[in-house]
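Undergrad: Residue-level listing of the chains:
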Amino acid sequence: MLDDEDRVIVAAIAPVMLGIKGTVPQVVRGLDVAIAGLPLEVRAQIRQLFGILRFAPTRMVVAGIWHPWHAASQVEIARFLSSWRYSPVTKLRSAYDALHQLIMASWYGNAVAWPAIGYAGPPRIG
Amino acid sequence: MIHDPFAEGVKRGWRVTDASRLPGDMQIETDIVIVGTGAGGGTAAEIFANAGLHVVLIEEGPLRTSSDFHMFEREAYPQLYQESAARKTKDKGITILQGRAVGGSTTVNWTASFRTPPETLAYWREHFGVKVSGEDDLTPWFAMMERRLNIQPWEEPPNENNRALRDGAARVGIPTKVIPRNVKGCWDLGYCGMGCPTNAKQSMLVTTIPAALAHGAHLLTRARAERFAFAGSKVTALQCRALAADGITPGAQTITVRARQYVLASGAIGSPAVLLRSGLPDPYNLVGKRTFLHPVVASVALMPQSVNAFSGAPQSIYSDHFLHTQPLDGPIGYKLEVPPVHPLLASNVVTGFGEAHARLMADIGKVQVIIALLRDGFNPQSPGGAVELNGDGTPLLDYPMTGYLWDGARRALHTMARIQFAAGAKSVLPLHEDAVPYASPAQAHAAIDRFPMQILRTRVVSAHVMGGCAMGEDPKTSVVDSYGSHHHAGNLSVLDGSVFPTSLGTNPQLSIYGLAARNATRLARQLGNSRTHG
Ligand SMILES: Cc1cc2nc3c(=O)[nH]c(=O)nc-3n(C[C@H](O)[C@H](O)[C@H](O)COP(=O)(O)OP(=O)(O)OC[C@H]3O[C@@H](n4cnc5c(N)ncnc54)[C@H](O)[C@@H]3O)c2cc1C
Ligand code: SF4
Numbered sequence: 001m002l003d004d005e006d007r008v009i010v011a012a013i014a015p016v017m018l019g020i021k022g023t024v025p026q027v028v029r030g031l032d033v034a035i036a037g038l039p040l041e042v043r044a045q046i047r048q049l050f051g052i053l054r055f056a057p058t059r060m061v062v063a064g065i066w067h068p069w070h071a072a073s074q075v076e077i078a079r080f081l082s083s084w085r086y087s088p089v090t091k092l093r094s095a096y097d098a099l100h101q102l103i104m105a106s107w108y109g110n111a112v113a114w115p116a117i118g119y120a121g122p123p124r125i126g
Numbered sequence: 001m002i003h004d005p006f007a008e009g010v011k012r013g014w015r016v017t018d019a020s021r022l023p024g025d026m027q028i029e030t031d032i033v034i035v036g037t038g039a040g041g042g043t044a045a046e047i048f049a050n051a052g053l054h055v056v057l058i059e060e061g062p063l064r065t066s067s068d069f070h071m072f073e074r075e076a077y078p079q080l081y082q083e084s085a086a087r088k089t090k091d092k093g094i095t096i097l098q099g100r101a102v103g104g105s106t107t108v109n110w111t112a113s114f115r116t117p118p119e120t121l122a123y124w125r126e127h128f129g130v131k132v133s134g135e136d137d138l139t140p141w142f143a144m145m146e147r148r149l150n151i152q153p154w155e156e157p158p159n160e161n162n163r164a165l166r167d168g169a170a171r172v173g174i175p176t177k178v179i180p181r182n183v184k185g186c187w188d189l190g191y192c193g194m195g196c197p198t199n200a201k202q203s204m205l206v207t208t209i210p211a212a213l214a215h216g217a218h219l220l221t222r223a224r225a226e227r228f229a230f231a232g233s234k235v236t237a238l239q240c241r242a243l244a245a246d247g248i249t250p251g252a253q254t255i256t257v258r259a260r261q262y263v264l265a266s267g268a269i270g271s272p273a274v275l276l277r278s279g280l281p282d283p284y285n286l287v288g289k290r291t292f293l294h295p296v297v298a299s300v301a302l303m304p305q306s307v308n309a310f311s312g313a314p315q316s317i318y319s320d321h322f323l324h325t326q327p328l329d330g331p332i333g334y335k336l337e338v339p340p341v342h343p344l345l346a347s348n349v350v351t352g353f354g355e356a357h358a359r360l361m362a363d364i365g366k367v368q369v370i371i372a373l374l375r376d377g378f379n380p381q382s383p384g385g386a387v388e389l390n391g392d393g394t395p396l397l398d399y400p401m402t403g404y405l406w407d408g409a410r411r412a413l414h415t416m417a418r419i420q421f422a423a424g425a426k427s428v429l430p431l432h433e434d435a436v437p438y439a440s441p442a443q444a445h446a447a448i449d450r451f452p453m454q455i456l457r458t459r460v461v462s463a464h465v466m467g468g469c470a471m472g473e474d475p476k477t478s479v480v481d482s483y484g485s486h487h488h489a490g491n492l493s494v495l496d497g498s499v500f501p502t503s504l505g506t507n508p509q510l511s512i513y514g515l516a517a518r519n520a521t522r523l524a525r526q527l528g529n530s531r532t533h534g
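Top to bottom, those sequences are chains A and B.
All the letters of the first sequence, read from the start, carry residue numbers 1 to 126 under this note's numbering.
All the letters of the second sequence, read from the start, carry residue numbers 1 to 534 under this note's numbering.
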């Protein structure tokens, strides 16, 4: 579902969304899987969201990201996330929420994230 | 090894067909076809099969059994929930949790089991002409289903998450009670929401559906009911489509079922969607309307001690105090419970991003969460939502949050913070994008008073979808009669949570079991004991 250009965007946003240092390849992969579990209608909406983030003019005007994603600073990305999170436009708040949900799910659903939060994983049975 | 009675039954020859593997189209004749295998469909299937009727079950979701339940969120949500547990209302303001597998939502629910509150039944009688009198005709059915599913108040000590609700509430003078649960030999693991790995949860997956299969019922999975064909005043066939191997995309094969009796039990949103696609008579435009959610708001507390809210029976303590502090049709009341707290779902509902979010997640073991379920549908300012169809025929719920609901949400956030501080919380984070963790009650209450109450600002979720095929005696205000029989199609009944004309004011499963058992028993008697087809 995601192509290389989308993956660059996810790789840029994910560490800022998650508040962790370094890269998170698991999230980039996890997002693909997560999106594949969504109905066709919702997948189309996510495609549209990535379209806005990819296309330089909308990236600049709607997201306020003036550099290409691979060169955007963490501060710039955090400002973008906050502006959508508190936007008076419901659609932008929901786009923020979609990114929040997909990135958080891809990270915290993965066992690599658990040691840092002290979750030992499911109990062993049987 | 824990035994997997379902898998063993299939080996012994139960008739289960995965429609995604069908080599070609399929035609089936039967006495009764049931669409949906959740609380309503499962209950009905056992009763019909016991009556000697030939039953076919159509389920959109996959068959997953205890050996598939590994207690991993990333597996469970895509496999067992509608839209990977990320179903949203039309404006994306509310996240909806609904099951989508054999057993429906009962396969993933949290086991709280309550009878329908008498005041709710009284309201239905008075305002919708529903023929139910709690004492006389539903009580024995609740009692029967309580026996069938081993429903009893939870006798083990509550986990820390529930204990904090009980003790915090007690300190501020709010009474709580112990929740009855449908479990047998529960290991107290806390993973009910990912499918019970020990078969302790007495969901439809381990009780009524195996019983129906043992009586010769035929279950088709990954088969989506698309529409009923209708002629005169009767349904003449049910058209289904096999799903592709991914379980989401429509496949090429169709399944046509002809039956004497058609039963719709696809749950709220699901059942109205089948009716809307079918274009059955709906002269008063009622189908899908009055869909209710018990919209839930939540409050997160950081406790000084470990809580481990991912472990232990998820729901064992509740309070109905705020359902009774005002009239039923006055300002909205709410029920208080706690949810299980697992990392994936928690990370999603916890507001904010970056370091603040990461800090809270790092303390997940000390997090205590209370939820308030708003009792919607009893006031003109709470008309509920409406089910619509997307271009591809899949359903979408339009459920606007109204000022009336927001008022209750704000009061509930105050209540939950008060209880959490009384329980010893170091800080409290009401789930709202404008909130930060507050270290004192004064700060928390002052902030809650100022929150702009808007969608995608206040976190709102729902695990209780109800209504959309309201029951009643007047076709001008209801879709089915008090026994679930469709007003305009003689051989079609709706036996699930979509028939409630308001929300319930309590967790729905036992209300659905009781009503479906009553109505299916009556229907089975009417159809007589005739095994006409084989
Ligand atoms: C996470 C979670 C926790 C919950 N906790 C509790 C609890 O503790 N106590 C409680 O009382 N209630 C709880 N509930 C709610 C309760 O489980 C549901 O209200 C109840 O199961 C609804 O029963 P139903 O028969 O109406 O529908 P469901 O049980 O949802 O079953 C409907 C079935 O129909 C299938 N279906 C839908 N459309 C089609 C179609 N077109 N073709 C074929 N099949 C279709 C679905 O896949 C599903 O399997 C919880 C729900 C969830 C999701
Ligand atoms: S708490 Fe009990 S019912 Fe729930 S998953 Fe664990 S063993 Fe099953």
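Just to be clear, a hint being listed does not mean it is correct.
As the list claims (entries may be wrong) - Derived pair list, reagent style DSS-like, types lysine-lysine, alpha-carbon separation capped at 30 angstroms:
1) 289(B) x 91(A)
2) 177(B) x 91(A)
3) 131(B) x 366(B)
4) 91(A) x 366(B)
5) 289(B) x 90(B)
What the hints contain is simulated information worked out from the structure, not anything from laboratory work.
Predicted, not measured: the structure shown is a model, and the values here were computed from it.
Undergrad: Each hint needs a verdict: does it hold in this structure or not?
TA: Evaluated hints:
no., hint, in the structure
1, 289(B) x 91(A), "holds, 25 angstroms"
2, 177(B) x 91(A), "violated, 41 angstroms"
3, 131(B) x 366(B), "violated, 48 angstroms"
4, 91(A) x 366(B), "violated, 34 angstroms"
5, 289(B) x 90(B), "holds, 14 angstroms"
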